[in-house]
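Undergrad: Chain residues, written in single-letter form:
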Amino acid sequence: MPHLVVLYTANLDAESDIAALCRSLADAMLTIRDEVDRPVFPTGGVRVLAYPATHSAIADGRDDYAFVYLNLRMGRGRSDAVHRRVGDRLTAVANAHFAPLLASRPLGLTLQIDEGSETFDAKLGNLHARFGAQRPC
Amino acid sequence: MPHLVVLYTANLDAESDIAALCRSLADAMLTIRDEVDRPVFPTGGVRVLAYPATHSAIADGRDDYAFVYLNLRMGRGRSDAVHRRVGDRLTAVANAHFAPLLASRPLGLTLQIDEGSETFDAKLGNLHARFGAQRPC
Amino acid sequence: MPHLVVLYTANLDAESDIAALCRSLADAMLTIRDEVDRPVFPTGGVRVLAYPATHSAIADGRDDYAFVYLNLRMGRGRSDAVHRRVGDRLTAVANAHFAPLLASRPLGLTLQIDEGSETFDAKLGNLHARFGAQRPC
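Protein chains in written order, with the working numbering: chain A, 488 to 624; chain B, 488 to 624; chain C, 488 to 624.
Just to be clear, a hint being listed does not mean it is correct.
In silico DMTMM-like pairs for lysine to aspartate or glutamate, Cα to Cα no more than 25 Å straight-line [what the hints assert, rightly or not]:
id: 1; chain 1: B; residue 1: Lys610; chain 2: A; residue 2: Asp500
id: 2; chain 1: A; residue 1: Lys610; chain 2: C; residue 2: Asp550
id: 3; chain 1: A; residue 1: Lys610; chain 2: C; residue 2: Asp601
id: 4; chain 1: C; residue 1: Lys610; chain 2: C; residue 2: Asp504
id: 5; chain 1: B; residue 1: Lys610; chain 2: A; residue 2: Asp601
id: 6; chain 1: C; residue 1: Lys610; chain 2: C; residue 2: Asp521
id: 7; chain 1: A; residue 1: Lys610; chain 2: A; residue 2: Asp514
id: 8; chain 1: A; residue 1: Lys610; chain 2: A; residue 2: Asp521
id: 9; chain 1: C; residue 1: Lys610; chain 2: B; residue 2: Asp500
id: 10; chain 1: B; residue 1: Lys610; chain 2: B; residue 2: Asp521
id: 11; chain 1: B; residue 1: Lys610; chain 2: B; residue 2: Asp514
id: 12; chain 1: A; residue 1: Lys610; chain 2: C; residue 2: Asp551
Read the hints as simulated data drawn from the structure, not as lab findings.
So that you can see chain A by itself, here it is in the shape it has in the complex (with noise of 0.2 Å):
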């Protein structure tokens, strides 16, 4: 954890580097700090996943929309506001993004931010330890 898994409509692949769209996600996560100052998220535990999707239909289907659905899981236990400072954060990256095509296209966008309620975690691999002491989220 945390986990930010990207669906989007694959029309959006031609028009907008969706690749830079995860970078600049992840490294607005790797500088949120809580209220007492520390990073939310350990830098090995930020993943952000993208996948356009092979077949979709959008709303009425009258017209070429696009469509993108960030879902972000979270490590329980954080604040109302730290999901809201997360939320707000990623929601500006989104948009300035997508700014010259929310300008020019059809296109919805969703953020959520889940809770994670998983009754198993394993974290495995070599990832945290790479970037030290961090407290795993």
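Since the structure of chain A is already known, use the hints to place chains B and C on it.
TA: Chains B and C in isolation, oriented as in the chain A frame:
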């Protein structure tokens, strides 16, 4: 919201028109009405995204099994009756779409509806505005 | 149910046989038994779907990081012990599969199990019937 995400085995792309399934599901969502005859889903909020799996393993792997998972995430607060109405309708669409395959090949389908429990929710973009003053969902 | 969805960075496709990982995970699921020695998962209900991300951003982006997120959604009502047993078993499979890569490249793995909280659930198709009278899950 709502977002209907369809995850499926890639063997179906050669045998079924999944883009047409997406459109049929979206069309059904556009016409479902609640207890007081209002649309359950606003036009600009209907999004169906379908993803064939790059790799998969189904059941015991001894046959060319196919599988489709349809997951609809709706906004909170609709009645059980609305959830059932939506589920029954989408189930009927999926069953009709896959009827020829269900008669001729191994195929599993699961349809689940979740209520979102998001802690942050932002709707951006210009799709809702295009469809007028419908209540967002 | 259950559905095990594997989201991962696309750099792994050149270095690891993810189709084989799917099969290993499914095989493990087929053999896990509960406290009273019944199979936890019915044969026809085992589905593993894996998706390399088209675009991604991991941690600080300064190296060719790889990441795998395994998310299992199970039916409600199994004991904590069963969840732990399933989680430990799938963790062992993932660790064994990725052992060579974990020794040679930056790689993060997260495995999480969720209990579904669906408000509507339909199982269709002919897969369960093929495997006889196992209890659906």
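Undergrad: Straight-line Cα separation of Lys610 of chain A and Asp601 of chain C no greater than 25 Å?
TA: Answer holds: Lys610 of chain A to Asp601 of chain C is near 15 Å, not above 25 Å.
Undergrad: Within 25 Å, alpha carbon to alpha carbon, are Lys610 of chain B and Asp514 of chain B?
TA: holds, 22 Å
Undergrad: Please verify whether Lys610 of chain B and Asp601 of chain A have alpha carbons no more than 25 Å apart.
TA: The given pair, whose Cα atoms are some 15 Å apart, holds under the 25 Å limit.
Undergrad: Holds or violated: Lys610 of chain C and Asp521 of chain C, Cα atoms, limit 25 Å.
TA: Given pair Lys610 of chain C, Asp521 of chain C holds - Cα atoms ~23 Å apart, limit 25 Å.
Undergrad: Take the C-alpha atoms of Lys610 of chain A and Asp514 of chain A, compute the straight-line distance between them, and say whether it is at most 25 Å.
TA: OK: Lys610 of chain A and Asp514 of chain A at ~22 Å, within 25 Å.
Undergrad: Does Asp500 of chain B lie within 25 Å of Lys610 of chain C when you go C-alpha to C-alpha?
TA: Holds, at about 21 Å.
Undergrad: Has the given pair, Lys610 of chain A with Asp550 of chain C, been kept, meaning a C-alpha gap of at most 25 Å?
TA: OK: Lys610 of chain A and Asp550 of chain C at ~20 Å, within 25 Å.
Undergrad: Given the hint that Lys610 of chain A pairs with Asp521 of chain A, does the C-alpha gap stay at or below 25 Å?
TA: holds, 23 Å
Undergrad: Within 25 Å, alpha carbon to alpha carbon, are Lys610 of chain B and Asp521 of chain B?
TA: holds, 22 Å
Undergrad: Regarding the pair Lys610 of chain A and Asp551 of chain C, is the alpha-carbon distance no greater than 25 Å?
TA: holds, 19 Å
Undergrad: CA of Lys610 of chain B to CA of Asp500 of chain A, is that 25 Å or under?
TA: holds, 21 Å
Undergrad: Please work out if Lys610 of chain C and Asp504 of chain C have their alpha carbons no farther apart than 25 Å.
TA: violated, 30 Å
In summary, the one numbered hint that this structure violates is 4.
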